[in-house]
Each structure stands twice: as C-alpha cells, then as structure tokens.
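Engineer: First to last, the sequence lines map onto chains F and V. In this text, residue positions in the first sequence follow the numbering used here: the first is 1, and each later residue adds one. In this text, residue positions in the second sequence follow the numbering used here: the first is 1, and each later residue adds one.
Rather than coming from a laboratory, the hints here were simulated on the basis of the structure. Idealized CB from N, CA, C, for every residue including glycine. Just to be clear, a hint being listed does not mean it is correct.
Examples of chain F residues lying across from chain V (beta carbon under 7 Å, computed) [to be verified]:
#: 1; residue: D37
#: 2; residue: T65
#: 3; residue: S153
#: 4; residue: G155
#: 5; residue: N165
#: 6; residue: S239
#: 7; residue: Q247
#: 8; residue: Y306
#: 9; residue: Y320
#: 10; residue: S328
#: 11; residue: P336
#: 12; residue: I337
#: 13; residue: D378
#: 14; residue: G406
#: 15; residue: K408
#: 16; residue: D411
Under the rule of at most 20 Å between Cα atoms (straight-line distance), these lysine to any residue pairs were calculated in the SDA-like manner [unchecked claim]:
#: 17; chain 1: V; residue 1: K39; chain 2: F; residue 2: W403
#: 18; chain 1: V; residue 1: K39; chain 2: F; residue 2: T127
#: 19; chain 1: F; residue 1: K28; chain 2: V; residue 2: G61
#: 20; chain 1: V; residue 1: K39; chain 2: F; residue 2: F414
#: 21; chain 1: F; residue 1: K338; chain 2: V; residue 2: G61
#: 22; chain 1: V; residue 1: K39; chain 2: F; residue 2: F343
#: 23; chain 1: F; residue 1: K142; chain 2: V; residue 2: C67
#: 24; chain 1: F; residue 1: K167; chain 2: V; residue 2: E25
#: 25; chain 1: F; residue 1: K244; chain 2: V; residue 2: M34
#: 26; chain 1: F; residue 1: K27; chain 2: V; residue 2: K39
#: 27; chain 1: F; residue 1: K338; chain 2: V; residue 2: C69
#: 28; chain 1: F; residue 1: K408; chain 2: F; residue 2: K142
#: 29; chain 1: V; residue 1: K39; chain 2: F; residue 2: D83
#: 30; chain 1: F; residue 1: K27; chain 2: V; residue 2: N30
#: 31; chain 1: V; residue 1: K39; chain 2: F; residue 2: L339
#: 32; chain 1: F; residue 1: K245; chain 2: V; residue 2: N30
#: 33; chain 1: V; residue 1: K26; chain 2: F; residue 2: L303
#: 34; chain 1: V; residue 1: K39; chain 2: F; residue 2: F238
#: 35; chain 1: F; residue 1: K28; chain 2: V; residue 2: E25
#: 36; chain 1: V; residue 1: K39; chain 2: F; residue 2: Y317
#: 37; chain 1: V; residue 1: K39; chain 2: F; residue 2: F351
#: 38; chain 1: F; residue 1: K244; chain 2: V; residue 2: E23
#: 39; chain 1: F; residue 1: K142; chain 2: V; residue 2: K26
#: 40; chain 1: F; residue 1: K408; chain 2: V; residue 2: C67
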Amino acid sequence: MKTLISLSLLLFTLQIGYSQDSTATYKKRVLETTEVDFLTSYYTQDGENAAVSGGIGTEELSDITAAFVVSIPLNDDDVLTIDAGISAYTSASSSNVGPFDGDGRANPYNASTGASQGDVWANMTGTYTHNSDDRNDIWSAKLSVSSEYDYFSIGVGGSYSKLFNEKNTELSIHGNVYIDTWNAIYPTELRPFAAGGNGLNDILFTQFYTITGNTNYNPDFKTFGNEGRNTYSVGLGFSQILSKKLQGSLALDFVLQDGLLSTPFQRVYFSDVPDSFIQDFHLADDIERLPDSRFKVALGGRLHYYINETFVLRTFYRYYFDDWGITSHTASIEVPIKLSDKFTVYPSYRFYNQTAADYFAPYEEHMSTDEFYTSDYDLSNYSANQFGLGLTYTDIFTKFHIWRFGLKSIDAKFTQYDRNISLSASMISAGFKFVLD
Amino acid sequence: MIKRVFLMLSVILMLSSCVAVKEYEKVNLNDPDMILADKSSDRNISTFHSYREAASGGNGGKTGGGCGCN
Numbered sequence: 001m002k003t004l005i006s007l008s009l010l011l012f013t014l015q016i017g018y019s020q021d022s023t024a025t026y027k028k029r030v031l032e033t034t035e036v037d038f039l040t041s042y043y044t045q046d047g048e049n050a051a052v053s054g055g056i057g058t059e060e061l062s063d064i065t066a067a068f069v070v071s072i073p074l075n076d077d078d079v080l081t082i083d084a085g086i087s088a089y090t091s092a093s094s095s096n097v098g099p100f101d102g103d104g105r106a107n108p109y110n111a112s113t114g115a116s117q118g119d120v121w122a123n124m125t126g127t128y129t130h131n132s133d134d135r136n137d138i139w140s141a142k143l144s145v146s147s148e149y150d151y152f153s154i155g156v157g158g159s160y161s162k163l164f165n166e167k168n169t170e171l172s173i174h175g176n177v178y179i180d181t182w183n184a185i186y187p188t189e190l191r192p193f194a195a196g197g198n199g200l201n202d203i204l205f206t207q208f209y210t211i212t213g214n215t216n217y218n219p220d221f222k223t224f225g226n227e228g229r230n231t232y233s234v235g236l237g238f239s240q241i242l243s244k245k246l247q248g249s250l251a252l253d254f255v256l257q258d259g260l261l262s263t264p265f266q267r268v269y270f271s272d273v274p275d276s277f278i279q280d281f282h283l284a285d286d287i288e289r290l291p292d293s294r295f296k297v298a299l300g301g302r303l304h305y306y307i308n309e310t311f312v313l314r315t316f317y318r319y320y321f322d323d324w325g326i327t328s329h330t331a332s333i334e335v336p337i338k339l340s341d342k343f344t345v346y347p348s349y350r351f352y353n354q355t356a357a358d359y360f361a362p363y364e365e366h367m368s369t370d371e372f373y374t375s376d377y378d379l380s381n382y383s384a385n386q387f388g389l390g391l392t393y394t395d396i397f398t399k400f401h402i403w404r405f406g407l408k409s410i411d412a413k414f415t416q417y418d419r420n421i422s423l424s425a426s427m428i429s430a431g432f433k434f435v436l437d
Numbered sequence: 001m002i003k004r005v006f007l008m009l010s011v012i013l014m015l016s017s018c019v020a021v022k023e024y025e026k027v028n029l030n031d032p033d034m035i036l037a038d039k040s041s042d043r044n045i046s047t048f049h050s051y052r053e054a055a056s057g058g059n060g061g062k063t064g065g066g067c068g069c070n
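Pulled out of the complex, with its shape left as it was, chain V reads as follows (with noise of 0.2 Å):
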C-alpha cells in the first residue's frame, strides 16, 4: 500500500515537471482572483461555517480549536 502511495506520489511529481510554466508566462496566473485560497475579507464566513457545520479542513483554512465550536 505504501509503495503504491509513493509511487503514485512520484508520478505526479514526474508529471508535474513535464509543465513549466516560465515567469514571464505567468501574467495570468498572477490575477489576485487566480489565488488558491480563499478571499482574506471571506474568512468571517468561514468562521460561521466552522460554527454551524460539522466539516472544517480542507481549505487552507482552519481546522478547529481555538473556539466553543466544531
């Protein structure tokens, strides 16, 4: 089972190699919206969700602790 993780794993990093985007390519890519985390001014709302769903994680965000919820 663990080999088959790690092989899988190194396959996705072998993958990965076969794109590289350059720098100077990545104007696109730099857009404030292409960030892969959600919105600084968004976390409140991920605090209520952390309040009133059983899920948290996954995200980037906060996983628990810290407060009487989840």
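In isolation and in its complexed conformation, chain F is listed as follows (with noise of 0.2 Å):
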C-alpha cells in the first residue's frame, strides 16, 4: 500500500515538473485593461406562508438591485477587484413585524405601513489577485462590508489555486469568515412582554388596541443575549479538461456557523397555547428558536461540453446537507444558443428541492414545551422548478462608447421560479460589460 501512495506521489510531482516547464515560456498580462460591470436586477415574488407571522400571510415583497464590479490590472501579474452595490426591497410580511399601525385592519395577508415594510441592503467587496510568472499558482484575498438596517458584517477571505498538467487541472483551496451582527428587531406586540416591559400594561393594549379571543395575552417571551453570528468555509475545488470539447469540475464547501442563526421578528404560534387577536392579527406566541450552531456541506459538479459551433451544453449538480435535518438536490441545464457573431440566447431549466429542517412545523402545530421551532417555510420540505430565458449581446470591437469605455457585452435575462407549495417568483436581471480603451 505504501509503494502504491508512494509511487502515485512521484508519479504526480513529475507530471507537475514536467507540466510547469512546458509552459513558461511567454508571460501575458492577466488581465489587458480595466473593466467595469454594470449589474442590474428586479425581483419580485408572492406568496401566502409569510415567517413573519408564523406561516401564514402575504409574502409580497420588490426588490432593485444594482452593483459596480470595476477589475483593475495594476500589473502584468496583479489584479484588484472593487465590488460595490446596493439593493432596496419593499416587503409586506417584513411590514407585520409591526402591524398596527391604524390605517386599516391589522391582518397578516395585507401590508401595513410601518417602518420595517422596506430596507436598503449595502454591500462593498475588494479582492485581490496575484497570479505567478507562469499563470499556475493563483492566489487571491478578499475583504468585504455589509449593511443594513438591522444586519451588519464585516467578512475576509482568501483562495489558491494550482494548475497543473499544461493547465488541464486545477486543484484550489479557499476559505471565508464572516463575522455578522443582528440589530435586533422584535415582533411589535411582544416588545412588551421582554424583561422590564410592561406586559398588558403597555400603551399598545390599555389605548390603542383591544385583544379578543384569549384576552389574558401573556407570553413568555425573552430577547436573544447574543446577537453575533459567525460563519466559517472552508472550500475545495477540482477542475479538469476531459477532452478538446469537454470539461468539468467538482466543489467541496463546509460550512460552520454559530450565533443567532433566528430570525428575531419571524413569529410561531403554539397549539398548545390560547389565541390571541387585536383585529384580524393573531398576537404571537414567540419568535422562532433554531439551534445556535449549524454545519454544512454541499457537494456539486459541472459539466461543460461544447456540442458545435452554436450549442453548448452546461450542467450542474449539487448535493447538500446540514445538520438541522436539511438534505437537498439541485440540476440544472442550460444550453447556450449562438444566433450569430453577436446574439447568443440562454434558455435553461433549474430544479431544486429539500427536506424540511428538523425544527420546521406549520402554523400553529408546534408546542409550547419544544426547545426549538420555526415557521419559516424557507426551511420546510418543498420542490421548485425554475426557467430562464437569457439573451446576450456581444462586440468584440466595442464601437459604442460611455466616455473612454467601449461597451463589449449586455446581457439580459428573464427567471421564472415556483415552488410546490404557495411561493412565485420573477426576476429580470442584466449585465453590461465595458473595458477601458
């Protein structure tokens, strides 16, 4: 067995030698001249399994999103990558974390007006690239930024990646941390209910409001003590031309996060526990408890085949699991149709589906006595099937201009998604390349 290893070892380091030697012979700038990508997107979706109110109610929510990726060559062999965007969302569960807010009805499948129906998500990420004298070692750090009203992190991140066998494999490692922070924000009517409220005493029930059904409303609700969460990845990736027409790849990620891994405003209800309303709005029994650790693992595969001068054929697999009791499968296809020198258009099929968490239960089916629950539908058992039509454009000669940067490529493309269960969603995204004369 030794012999064997140790053979396979030495068999391995020559092919590297011999590999790297035939290939050192011409050095060309990694990357000719700085380039900007302009990205773009709107979002939408509906549904009628709202987290916010505990598997029930609207799930209407917008979002804009829109991003700057400016690539830099400050070398022959160096790359940095500023990364800057902004998206704003506009959310009718998001707006019931306080839904009394007097215009209407309190009800969980309408929006109200409250201060959490929209937020601004904004995000800053550089990275920089060294690639060695003969392209076959690859190193890249990463720092990034991210706010928003009641998020923040600050992450790092770094990569390698070796070719070898006249760049026909490629082995890379790369590892994140991101170090994540929650602003808290609770479901209105049990803001009262936290250590030093004043329970039904509040101003909520005694002047604005009247609760029907249980009218003795007394959770018993506790705020979170720790609001960092931590996420750790490791990842490792092998990519290998298989033949002149094909080539894939394999990823390997773990993942380990801890903290506060609850959303703090998404509301459960107990079956085990008396009901209470103020208007057509039932009062929550308490927030969603989850584990404060959850490792994953997600194992996937490309494959590339290049059919013919106008179809090429991409496919991906990814199999997931975690230890909340999630397994899940994702396929997806797409092939590339080149129309001409300029047009090529994208349809593509994606299918996914996973297990429910351990933790996951409907509206109103858990218990009051369980140490953890949710009803997050995002973590329940579902299939979705999801379909793309892309088109894109493309000039190699960058005749249209904006100032000194020639346009090379638009992209555009249409996404269609829905689950098995209540959940519909579209996006219209694109992409608009320029390089730098």
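Two chains, two frames, a set of hints: combine them into the complex.
Structural biologist: Next comes the structure, spelled out in structure tokens:
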C-alpha cells in the first residue's frame, strides 16, 4: 500500500514539474485593461406562507439591485477588483413586524405601513489577485463589508489555485470568515413582554387596541442575549479538461455557523396556547428559536460540453446536507445557442428540492414545550422549478462608447421560479460590461 | 478510510494526466460559455436562491454570511 502511494506521489510530482516547464515561455498580462461591469436586477415574489406571521400571510416582496464591479490590472500579474452594490426592497410580510399601524385592520394577508416595510442593503468587497509568472499559481485575498438596518457584516477570505498538467487540471482551496451582527427587531406585540416591559399595561393594549380571543395574553418572551453570527467556510475545488470539447469540475464546501441563527422578527404560534388577536391579526406566542450552530456540507459538480459552433451544454448538480436535518438536490441545465457572432440566447431549467429542517412545523403546529421551533417555509419540505431565458449581445470591437469605456457585452435574462407550495418569484436581470480603451 | 480516499484522489490525478489537451487545441474550451462558473450577470439570481433556499455552496459562489439570509 505504502509503495503504491509513494509511486502515485512520484508520478504526480513529475507530472507537475513537466507541465510547468512547458508553459513558462510567454507571459501575457492577466487582465489587459480595466473592466467595468454594471449589474442590475428587479425581483418580485408572492406567496401565502410568510415567516413573519408564523407561516401564514402574504409573502409579497419586491427588490431592485444595482452593482458596479471594477477590475483594475495593477501590473502584469496582479488585479484589484472593487465590487460595490446596493439593494432596496419593500416587503409586505416584513411590514407586519409591526402590523398595528392604524391604517386599516391588521391582517397577515395585508401589508402595513410601518418602518419595517422596506430596507436597503449595501455591500462593498475588495479582492486582490496575484498570478505567478507561469500563471500556474493564483492567490487571492478578499475583504467585504455589508450593512442593512438590522444587520451588519465584515468578511475576510482568501484562495489559492494550482494549475498543472498543461493547465488541464486545477486544484483550489478557499476560505472565508464572516463576522455578522444583528440589531434584533422583535414583533411589536411581544416587546412589552421582554424583561422590564409593562406587559398588558403597555400603551399598545391599554389605549390603542383591544385584545380578543384569549384576553389574558401573556407570552413567555425573552430577547436574544447574543446578537452575533459567525460563518466559517472552507472549500475545495477540482477542475479537469476531459477532451477538446468537454470539461468538468467538482466543488466541496464545508460551512460552520454559530451565534444567532434565528431571525428575531419571525413569529411562532403554539397549538397548546390559547389564541389572542388584535383585529384580524393573531398575536405571537413567541419568535422562532433555532440552535446556535449549524454545519453545512455541499458537494457540487459541473460538466460543460461544446457541441458545435452553435450549441454548448452546461450542466450542474449539487447535493447538500446539514445538521438541522435538511438534505437537498439541485440540478440545472443551460444550452447557450449562438445565433450569430453577436447574439446568443440562453434557455435554462433548474430543479431544486429540500427536506424540512427538524425544527419546522406549519402555523400553530408547534408545542410550547419544544426547545426549537420555526414556521419559516424556507426551511420546509418543498421542490421548485425554475425556467430562464437570457440573451447576450457581444461586440468584440467595442464600437459603442461612454467616455473612454467601450461596451463589450450586454446580458439580459428573465427567470421564473415556482415552488410546489405557494411561493412564486420572477426576476429580470441585466449586465453591461465595459472595457477601458 | 483516509488511505482509500488518498488512493482514490491519486488515481483521479493520474487519470487526468492521460488527457493533456494542448493550448492550441483549447479553442472550443476557451469559449466564454464553457467557463466552469455561473455568469457574472447571474449572481443576483444566486443571491435570491441563498435567501429563499436552505442549501448553498458547492457552486463556486457564496456559502453564507454577509446578509440576514441562510
């Protein structure tokens, strides 16, 4: 056995050495000139299983996103990439964190006009990449910051890739750490029951609204003591050219999360607690409570085949599991069709399914004696189908200019996503690539 | 177990050396649609998946953290 392993290592080492010698004669700039990508999208969804209102209620949401990605060659070997983006959303379900706005009857199927109806997420990421002279070794380091009203994150990461076998084979490793902090926002009706609150003597109940159903509303509510969330990930990659027209890759990711993994404004209703209402809105028994750690493993594979000058076949499969009891399969296929030198269309299909987390149950099916509970349908058992159609315009001569930047390509895509439960979503996305003259 | 995994990886690496497509033979492999990653313009779709789906990772993209999702 030892002999076999030693022989394998020897052959492998010789192979790397031979490959490096054969490709170190000419050094081309990694990136010829500065490139700017402008990416934008409009996303909309609707459904009737909102996590904010405990598994019932509107999931209507719209989001608009814009980002600039600027890649700057610092010299022949090094590239600095700055990625700055902003995303603004309005959400009917999030608005129901505070459903008692005095503007119509409170109801989980209607949006309210509270401050939580919208938010803005902003992100900036800087990545420095260095390539060795023979382009067989690639290092990168990354720093990111993102912020939204109730969430802040700092991330650092790095990667190393090694190409060998005449650049037919690539092995890579990458790692990321995100240090995130919640600014926890809780459902309006629970706040008076936190430590130091007035309970039913709060102005919400004494002056503005009357409780119906169980009028002795008295949830056992405690705020989270730790509002931090840390994410540590390590990934391994392997890609291989299999023939002049076929190549594939494997990616294995391990992710460990700890800290506050619950979403503080997502309600839960217990089947063994009498129901209390204000108008048509069921008052929360508690918020979701999830374990403070989660370990996730994902193994994905791609296989791309160049059929001919018109068609390319792109396939992807991923198997995922975690220690919350979720397993998932994802499979997708895309067939780019080149209509001409300038236009390519991208029809695509993606299938996704997952099993439910151990802690998931629908509206009012949890027991108050449970340790962990959520009615977030993103953690439920479901499958989803996604159809997409994209169009790309490419002009290698960059005839159209904005100042000194020539337009190299435009991507546009429409995507329709439907779960076998109530959620449907659609997205229009576009990307514009410019290169500096 | 570790020996078996190591042996399997060694065999895969040795097999890979059987196929060495030369640089001048990579014209089809260098087609932009053959890149072994999502297109950059698809990243907002991946972001929405990371919000709405429990699974992430395994695709060269983000694996979690940095937002109130997943």
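Engineer: Please flag the earlier hints that this structure goes against, numbers listed from lowest up.
Structural biologist: 12, 14, 15, 17, 19, 21, 26, 27, 28, 39 and 40
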